[in-house]
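Just so we're aligned, residue 133 is where the sequence shown starts under our numbering, counting upward by one.
I should point out that these hints are in silico values taken from the structure, not numbers from a laboratory.
Quick reminder that beta carbons are idealized off the backbone N, C-alpha and C, glycines included.
Mixed in with the good hints there might be a few duds.
Unchecked claim - Computed beta-carbon distance windows for the label pairs:
no., residue 1, residue 2, range
1, K217, L248, 18 to 28 Å
2, K249, D229, 38 to 48 Å
3, K234, F206, 13 to 23 Å
4, I230, A171, 20 to 30 Å
5, A139, K239, 39 to 49 Å
6, I195, N157, 46 to 56 Å
7, I230, G161, 49 to 59 Å
8, S149, I251, 41 to 51 Å
9, L231, L198, 41 to 51 Å
10, L231, R153, 45 to 55 Å
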Amino acid sequence: MIQSKEAYDLTMQEIDSLMKRGEANLTAGELKRLTVLAAAAEAFEDLHDPMPLPSSLQEIIRIRLLQLHIKQNFAAKLLGVSDAKFSLIMNGKQKPDILFVKAIHEKLSVDANVILKAI
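Using the sequences plus the hints, can you model the full thing?
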């Protein structure tokens, strides 16, 4: 666990050094060390410099689709709406109805509190 900004900076330098060598050129021990360092750095960043939450429902959906590697036309089907309705919602030309919002929570596994703060 990283306890200070100085330790974080050193960790990032070591990560950078290992990454510059390329994953294929690292030993099994170095790969394991890289994984541990990356997890520790991420935990420190989440605690001390968290990423801001998206400010709109459309941003939340876009980010989640990227994370899940889902295209918009598949997302529309998954969420139970037509491609046209999905496009209108994503472009801010139509407000989402409760069934759409519920589908975002259930089908895309987006926290309901995050959704409520965005709408």
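Structure-based check of each hint:
1. For the hinted restraint 18 to 28 Å between K217 and L248, the CB-CB distance of approximately 21 Å keeps it satisfied.
2. Checking the proposed 38 to 48 Å range against K249 and D229 shows it is violated: the Cβ atoms sit about 18 Å from each other.
3. The hinted window of 13 to 23 Å between K234 and F206 holds, with their beta carbons roughly 18 Å apart.
4. For I230 and A171, the hinted distance range of 20 to 30 Å is not satisfied, since their beta carbons lie about 38 Å from each other.
5. At about 40 Å, the beta-carbon gap between A139 and K239 stays in the expected band of 39 to 49 Å.
6. Restraint check, I195 to N157: a C-beta distance of roughly 33 Å breaks the suggested window 46 to 56 Å.
7. I230 and G161 have their C-beta atoms about 52 Å apart, which keeps the hinted 49 to 59 Å range intact.
8. Here the CB-CB span from S149 to I251 is close to 44 Å, well matched to the stated 41 to 51 Å.
9. The beta-carbon spacing between L231 and L198, approximately 23 Å, falls outside the hinted interval of 41 to 51 Å.
10. Separation of L231 from R153 is about 51 Å and conforms to the stated range, judged on CB atoms against 45 to 55 Å.
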